[in-house]
Amino acid sequence: MHPFLQATIGGLLIGLSSWLVLIAFGRVTGISGLTMGAVQPALEKRTLGALLNWRTAFIAGLILGGTWFTGVFEVSTAMPARTPGLLILAGILVGYGTIRGSGCTSGHGVCGLGRRSARSLVAVAVFMGAAMVTVTVRGLMAGGAA
Amino acid sequence: MTTATTNTSADVSDSARGIILGLLAGILFAAGLVVSGMTDPAKVLGFLNIAALFTDAVPGEWDPSLAFVMGGAVIVTLIAYRHTQPNGNHKDALKTSKPWLTNAFVLPNRTDVDWPLISGGAMFGVGWALGGFCPGPALAAWTTNGDLVWFVPAMLISMWVSSRIKG
Chain A
192 MHPFLQATIG GLLIGLSSWL VLIAFGRVTG ISGLTMGAVQ PALEKRTLGA
242 LLNWRTAFIA GLILGGTWFT GVFEVSTAMP ARTPGLLILA GILVGYGTIR
292 GSGCTSGHGV CGLGRRSARS LVAVAVFMGA AMVTVTVRGL MAGGAA
Chain B
17 MTTATTNTSA DVSDSARGII LGLLAGILFA AGLVVSGMTD PAKVLGFLNI
67 AALFTDAVPG EWDPSLAFVM GGAVIVTLIA YRHTQPNGNH KDALKTSKPW
117 LTNAFVLPNR TDVDWPLISG GAMFGVGWAL GGFCPGPALA AWTTNGDLVW
167 FVPAMLISMW VSSRIKG
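So the sequences go chain by chain: A and B. Numbers given in this note's numbering equal positions in the first sequence, counted from 1, plus 191. Numbers given in this note's numbering equal positions in the second sequence, counted from 1, plus 16.
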């Protein structure tokens, strides 16, 4: 299958999942927000039972499904060589930044653009731009694989 | 008639039905991420490497695939949200409609562009480029990429810290 066709089909599936969340729960499908929403009730009430909610189920499906489909389709998830320090820094920036900026690729990208939100369009332009600049700078510095 | 005022349209999002639907939606989302290549950092970084189109000083080539992922997803959400306005309200025709499991649609309603949106977005973009993963794919690839043993906990803890600071 042509990679662009495969990418489009994958995108359609992501969109359909977001549609399902909208008509079932009336919410946007933003992974950063869903993740916080999944654990927040348990942190506030300090009971494990509070973990039993639809958001936790979604995140569980995401992790289980990811494990399963990665095996079925034999897809690589390997990243270019990274030191643990750099990975921790990257994780901190992604986690802190997505909550501070009210969304990530799914919330601002997939759902925000679908909602025709100018605020999300600005967010997408900012994080895409920042990511492209970072990859470019690293490429120039390394002169090798980004 | 006072006894008849019990809530007939309670929020049952966290019922067994909601848990099953949530699980299915998460699996479907994961299928989309894996099929589209979003869980492959090489493809993600290849897309972000757009500067390679313009100069040989930047190594590698540009991989436009992810533009098709976003295109495919947004085509669907544009249809899904067609009756919704950017401020989260429904257009007149659908003001009385409800989601399956709860009383009302609860959508983002902010339209302002403020500093946290910009600075948070910029932080996220830099982290995405350094690690090769945004939050969804990081969780979907958590069990298959050993390096995410560092990335995901750092991401989750800082999400929590960020939400505490944000209040």
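Don't read these hints as lab results, they were simulated from the structure. C-beta atoms are modelled at their ideal positions from N, C-alpha and C, and glycine is treated no differently. Mixed in with the good hints, there may be bad ones.
Just a few of them, taken from the derived set where beta-carbon distance is under 8 Å, the chain B residues facing chain A [as the list claims (entries may be wrong)]: (1) Ala26; (2) Gly34; (3) Gly38; (4) Asp72; (5) Met86; (6) Gly88; (7) Pro132; (8) Cys150; (9) Leu155; (10) Ile173.
Non-contacting residues of chain A with respect to chain B, defined by C-beta distances greater than 10 Å in every case (computed) [as the list claims (entries may be wrong)]: (11) Gln231; (12) Lys236; (13) Arg237; (14) Leu239.
Some but not every residue of chain B turned toward chain A, in silico, with C-beta under 8 Å [what the hints assert, rightly or not]: (15) Leu69; (16) Val74; (17) Leu82; (18) Leu94; (19) Gly136; (20) Gly183.
Numbered hints the structure breaks, given as an ascending list: 1, 4, 11, 15 and 20
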